[in-house]
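These are the residues of each chain, in order.
There are 2 protein chains.
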Amino acid sequence: MTAGMLNSIHSPADVHALSSSQLVDLCAEIRTTLLEYGRKHGGHIGSNLGVVELTVALHHVFDSPHDRFIFDVSHQSYVHKMLTGRAAAYTDPERFGSVTGFTNPCESEHDSFVLGHTGTSISLACGLAKARDMQVSASGRSGIGNVIAVIGDGALSSAIAFEGLNNAAEQGGNLIIIVNDNEMSIAEDFGGMYGSLSALRQSGGTAASNPFRAFGLDYRYVEQGNNVHTLVETLREVRDIDHPIVVHVHTVKGLGFDEAPGDAENGSDGCNQTNAEPHAGQCEANHWRNPDSVSDGMPDARKYYGAMAMASLESRFANEPGLVVISPATPGSNGITRDFRERAGSHYVDTGIAEEHAAAFAAGIAKAGGRPVLATSATFFQRTFDQLQQELSLNRVPATLLIFGAGISGTDNTHSGAFDIAMFANVPNLTCLAPTSGEQMLDMLAWATGPSEHGAVAIRMPGEQILELERAADVAFDPIERAEGHEPVVPAVDRAGDCPFKRYQILRPGRDVAVLGLGNTVALASHVVDRLSGGDTDDDSIGMPVPPVTATLIAAPQYSSLDEEMLSMLADGHRIVVTLEDGQLEGGWGEKITAFYANSRDAKANAVHVLNFGAIKEFTDRVPRERLNERYGLTADQVISRIRMAY
Amino acid sequence: MTAGMLNSIHSPADVHALSSSQLVDLCAEIRTTLLEYGRKHGGHIGSNLGVVELTVALHHVFDSPHDRFIFDVSHQSYVHKMLTGRAAAYTDPERFGSVTGFTNPCESEHDSFVLGHTGTSISLACGLAKARDMQVSASGRSGIGNVIAVIGDGALSSAIAFEGLNNAAEQGGNLIIIVNDNEMSIAEDFGGMYGSLSALRQSGGTAASNPFRAFGLDYRYVEQGNNVHTLVETLREVRDIDHPIVVHVHTVKGLGFDEAPGDAENGSDGCNQTNAEPHAGQCEANHWRNPDSVSDGMPDARKYYGAMAMASLESRFANEPGLVVISPATPGSNGITRDFRERAGSHYVDTGIAEEHAAAFAAGIAKAGGRPVLATSATFFQRTFDQLQQELSLNRVPATLLIFGAGISGTDNTHSGAFDIAMFANVPNLTCLAPTSGEQMLDMLAWATGPSEHGAVAIRMPGEQILELERAADVAFDPIERAEGHEPVVPAVDRAGDCPFKRYQILRPGRDVAVLGLGNTVALASHVVDRLSGGDTDDDSIGMPVPPVTATLIAAPQYSSLDEEMLSMLADGHRIVVTLEDGQLEGGWGEKITAFYANSRDAKANAVHVLNFGAIKEFTDRVPRERLNERYGLTADQVISRIRMAY
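Line by line, the protein sequences are chains A and B. Just so it is clear: in the first sequence, position 268 is 268 by the UniProt record's numbering, and no numbers are missing. Just so it is clear: in the second sequence, position 249 is 249 by the UniProt record's numbering, and no numbers are missing.
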């Protein structure tokens with residue numbers, strides 16, 4: 001356990017009481033603590049290192065929770081947590097992981113919201129301030145004092161942040177927007193606004209072209225954003241201000257990181273290296289740090305299949321001018337490496353954190369005859385829902401969407417991948433594909449980005465389950481070599497315009513019971529069918545040996561329409577149809593199959609008993625995937641037991 | 001039919017050939033045509049009157065479709081349509097309605113996209129320009145020349161427009177963004193940016209605080225935005241420009257409207273009046289014009305129930321400082337009248353067209369103890385999907401969402417209300433209510449905005465079906481009186497925290513068949529049950545007299561969870577359960593009931609035969625509701641016939 005001042009900080013009151021020199025000491029100790037925590041536990045260390053002084057100054061000057069801080073995305077709230085009674089979670093290795101990586105009101109009264117998506121802090125702050133002002137008007141008092149949003153320059157590129165800026169001035173009243181400008185997003189900053197920010201930095205905040213003043217906001221610039229005294233002084237001046245103001249603070253992301261010995265070698269994926277110079281193409285370096293213990297060099301499924309997909313596309317760049325990969329600011333985690341981006345040149349566009357623009361931009365490229373490929377997380381696609389409906393699907397443009405991080409997982413509650421099937425599958429005109437192998441993913445990508453006539457296509461990138469299978473089968477060698485060695489095959493279609501991946505595939509024929517696995521769940525489906533045909537002798541729910549069942553194993557490679565022909569055929573000879581999906585049941589895929597059989601005009605189909613397995617409708621927070629699968633009945637034991645009961 | 005020059009304009013080539021004086025004559029004729037069309041047919045007349053000269057100048061200077069125009073929202077594309085071979089749709093009353101109110105590539109090669117939602121034009125234009133530039137790099141040529149986005153100042157407040165502006169400069173290359181500044185949104189403009197626009201207008205474009213330059217964009221100002229010669233000159237200067245530029249054009253929305261005799265009296269809902277002065281609180285005046293023939297003074301369901309809801313809330317404003325109605329720019333069509341807004345004072349906030357901000361803003365107010373009520377169209381809530389998941393539902397804040405325009409309807413394909421159930425119902429923690437009467441809506445609103453502990457609540461405002469029923473029953477008198485005369489009743493709950501509207505209601509007990517109607521479909525459910533109990537003697541599908549069935553009639557007032565107790569009870573004594581919903585089946589409500597019975601561990605429940613009725617997954621364009629209901633089997637005849645077949 002790190003000893004020192006942090007142990008004596010139990011609440012913001014303890015920060016208020018510190019002398020000037022103690023503030024400096026505290027910052028130093030926090031920085032050391034963050035570095036050590038990063039090495040041992042990992043996390044968003046770079047952004048937190050950049051706001052050590054800012055956060056200490058905020059808690060020294062303001063009075064939380066009466067004054068409210070809203071940290072945008074809240075990945076940079078570690079220091080805030082240390083100062084609000086949660087220091088042990090960063091100093092005591094046994095308590096690492098006992099707090100989330102984001103703010104959460106369940107943890108502390110000093111956290112107003114659970115946040116993990118970008119750009120909403122200003123709007124949320126406007127809401128808190130509005131309610132405060134109405135309370136004060138009505139009764140002369142409110143439980144809320146100053147309202148302070150802290151937002152990074154990278155987050156400023158996101159749509160809702162602009163809407164917030166535009167509405168803040170209109171609203172009036174006390175509202176302090178701290179723009180933490182560290183000259184970086186997750187990858188490099190992208191957007192014309194960054195020229196203005198740069199001019200403001202260079203002119204000490206006096207440049208004429210000021211995007212904040214253009215939104216009608218008051219403005220102050222602080223060059224020494226890592227000097228706690230300067231910050232304290234500035235914040236004292238704006239405290240209790242009677243109108244909205246932007247305080248533009250220039251900080252250094254990852255400050256102190258390069259001083260720690262051994263860091264330069266840390267990590268092999270380019271995400272843990274550091275560099276004293278910002279903007280040297282090293283931004284992701286500071287974004288997320290893996291703990292030292294993670295050094296097996298094995299990419300996760302996102303990076304692995306992302307790299308395969310990029311390698312497959314790259315081979316076509318020279319001959320296909322319209323083939324463009326678009327990433328809204330998170331390339332690295334999806335296998336879109338810096339090397340790839342440099343080689344891709346104009347075939348790669350980072351839009352900054354701007355998913356909505358990215359989706360409509362893709363629609364524009366596709367309409368002009370190009371073949372855009374938009375890659376981001378399942379959870380971030382939520383931002384594009386309207387563009388998904390309107391610009392992409394209603395307009396039937398051949399854009400390809402690569403959905404990363406989809407499926408049930410142990411993520412925190414703001415980044416769940418369990419909701420995407422219900423979001424994508426119910427949009428008309430949109431083809432949703434769920435590959436069950438790396439090669440099938442490449443085949444789908446080739447079709448989606450190829451010359452045939454079709455609308456937008458979403459590809460749910462294979463998850464860890466598939467990668468585990470492929471590693472076990474020794475086919476998951478280097479993703480680039482693997483992509484280069486595979487000549488994509490697009491299955492033939494009956495009619496032009498049909499999706500070549502519409503048909504489900506019978507992997508093993510049987511009778512009585514059919515087990516249908518969608519995408520990632522094919523592995524589980526296969527286990528279930530194996531175990532059923534072996535005969536289960538240890539099934540406690542039955543209590544006696546049970547005879548083997550030669551079940552039919554089926555892979556469903558898509559979830560936007562039903563293979564009605566196959567489903568009707570199954571009704572002949574199968575009493576039970578089981579659907580497995582790696583996402584929320586409600587609104588998802590299995591329910592459609594259940595409804596198909598119920599609404600069929602064929603009595604045999606009506607008689608089919610469908611059992612659906614998938615996630616229940618809930619937010620989950622850092623619950624390991626295995627435990628969620630247990631909870632949802634998505635284990636071979638539980639599926640078999642249900643089948644036996646219904647049999 | 002209006003005679004004149006328009007008859008000789010068959011394509012943009014005919015506009016190129018016009019002399020200066022002919023351009024002026026053409027503008028005058030178009031303006032007269034629009035006014036006459038507005039009186040007879042209705043439409044977005046104000047915005048089109050404002051861009052007559054701009055559109056004529058665009059087609060005179062540029063060469064469509066080689067040069068591409070993207071009209072934001074595209075409600076202002078009537079003039080463009082007149083100049084691209086579709087004039088007869090505006091001059092010949094027999095062909096009124098033969099084109100959509102928005103651009104559509106199916107109509108003309110001069111329309112690039114189907115558009116109806118705000119703010120996407122810049123992103124789409126970036127995409128077209130990007131593909132063009134890559135084609136030119138590769139082969140020296142492209143089918144696309146200049147790319148021109150035309151966006152109104154009202155649309156500029158929307159999130160994605162900012163993202164587009166921020167990305168345009170970064171991209172570089174030819175891109176012309178025409179900001180049509182008529183000093184109005186749908187209602188008044190809201191946002192700090194509008195101060196900057198005003199300063200630019202007043203300074204002839206020279207003001208230092210320039211939001212476009214702040215985004216790194218080149219900029220030009222045109223004060224005489226309704227002078228076709230000035231516009232032609234300016235556009236010639238920017239044609240073939242090698243970098244993105246904003247051309248800020250000052251126009252008068254509705255120019256010429258006030259000159260037409262009799263207009264001042266037109267319409268009784270405040271939406272058809274006009275005023276020569278913009279910004280005199282008359283903005284909606286110019287937004288949408290009903291044809292003269294619509295003068296029965298009967299409000300539609302949106303306006304009617306919206307007015308009821310507002311009246312009910314207004315009575316509480318004096319005592320509840322945190323009760324705030326939020327409207328993202330479309331108050332009038334949802335019964336939030338100008339009078340109400342003025343009386344509401346700080347209890348009403350118009351965020352401009354900024355749905356995402358509005359949703360996060362509501363989350364902030366709710367977190368601070370307030371009770372925000374966010375009102376907008378089902379289709380516009382699509383923009384808030386991520387905030388719906390994260391800021392509102394994950395954070396479990398007591399915000400109320402009023403969903404207007406939900407349900408199957410004859411709208412164009414960009415404003416469908418058939419998709420909202422699948423969007424809202426599958427979000428965890430969100431309570432979704434579907435009132436079946438005006439009074440129930442008020443009760444739900446009272447609970448949602450009341451003191452009890454709950455998360456976000458969406459209320460699907462009653463549709464035309466309910467209003468027709470209530471008018472027939474003579475209870476739909478003046479909405480304000482009706483609201484004032486109703487003391488809201490919140491049903492008791494078993495446990496604190498339960499939703500008092502969770503339970504389905506048995507309206508008429510029966511057996512064998514249960515017909516469940518969700519919200520708006522209760523009227524149809526009631527018809528079906530009536531007809532079944534009468535015995536159908538004319539059922540062609542059976543071909544013989546059929547015996548009466550005393551079916552059970554059930555109203556479902558919510559669609560975010562199942563009343564499992566009721567559903568289980570129904571399994572005893574009912575062989576068939578019918579679900580009716582006024583929206584898309586896939587991902588919707590009925591499928592959940594089907595899945596409930598299939599996955600039950602009770603054999604009786606498994607044996608229930610569920611029949612689901614609702615919309616199929618498709619985009620529809622101006623197909624009357626009656627025809628859609630026929631297509632979806634949502635008529636009493638068809639539902640009865642299916643029940644008889646399954647019986």
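Note that these hints are calculated values from the structure, not bench results. Wrong hints could be hidden among the right ones.
The list treats identical chains as interchangeable, and a pair is accepted whether it falls inside one copy or across any two copies.
As the list claims (entries may be wrong) - 25 angstroms max Cα-Cα, derived SDA-like pairs, lysine to any residue: (1) K40 to V493; (2) K303 to E314; (3) K303 to H229; (4) K502 to E487; (5) K502 to Y632; (6) K40 to G534; (7) K604 to Y632; (8) K604 to E223; (9) K604 to V252; (10) K502 to E618; (11) K303 to R396; (12) K604 to A571; (13) K604 to R644; (14) K604 to I616.
Quick rundown of the hints versus the structure:
1. For a Cα distance limit of 25 angstroms, the shortest separation of K40 from V493 qualifies neither inside one copy, at 53 angstroms, nor across copies, at 49 angstroms.
2. Taking the closest pair of Cα atoms, K303 and E314 come within 25 angstroms of each other only inside a single copy of the chain (16 angstroms); across copies the shortest separation is 54 angstroms, beyond that limit.
3. In this assembly of identical chains, the alpha carbons of K303 and H229 never lie at most 25 angstroms apart, being 42 angstroms within a copy and 56 angstroms across copies at closest.
4. For the identical chains of this complex, K502 and E487 are intra-copy neighbours only, at 21 angstroms inside a copy versus 54 angstroms across copies, given an alpha-carbon limit of 25 angstroms.
5. Only between protomers do K502 and Y632 lie at most 25 angstroms apart by alpha-carbon distance; the minimum there is 24 angstroms, versus 27 angstroms within a single protomer.
6. Taking CA atoms no more than 25 angstroms apart as the test, K40 paired with G534 passes in neither setting, with 45 angstroms inside one copy and 75 angstroms between copies.
7. In this assembly of identical chains, the alpha carbons of K604 and Y632 lie at most 25 angstroms apart only when taken from different copies (23 angstroms versus 29 angstroms within one copy).
8. For the homomeric pair K604 and E223, neither the shortest alpha-carbon distance inside one copy (75 angstroms) nor that between copies (72 angstroms) is at most 25 angstroms.
9. Within a single copy, K604 and V252 get their C-alpha atoms no closer than 68 angstroms, and across copies no closer than 66 angstroms, so neither meets the 25 angstroms cut-off.
10. Taking the closest pair of Cα atoms, K502 and E618 come within 25 angstroms of each other only across two copies (18 angstroms); inside a single copy the shortest separation is 30 angstroms, beyond that limit.
11. In this assembly of identical chains, the alpha carbons of K303 and R396 never lie at most 25 angstroms apart, being 29 angstroms within a copy and 33 angstroms across copies at closest.
12. When the C-alpha separation of K604 and A571 is checked against a cutoff of 25 angstroms, the pair qualifies both within a copy, at 6 angstroms, and between copies, at 21 angstroms.
13. Taking identical chains as interchangeable, the C-alpha atoms of K604 and R644 lie at most 25 angstroms apart whether they share a chain (21 angstroms) or sit on different chains (18 angstroms).
14. In this assembly of identical chains, K604 and I616 lie within 25 angstroms of each other by CA distance solely across copies; the values are 23 angstroms between and 29 angstroms within a copy.
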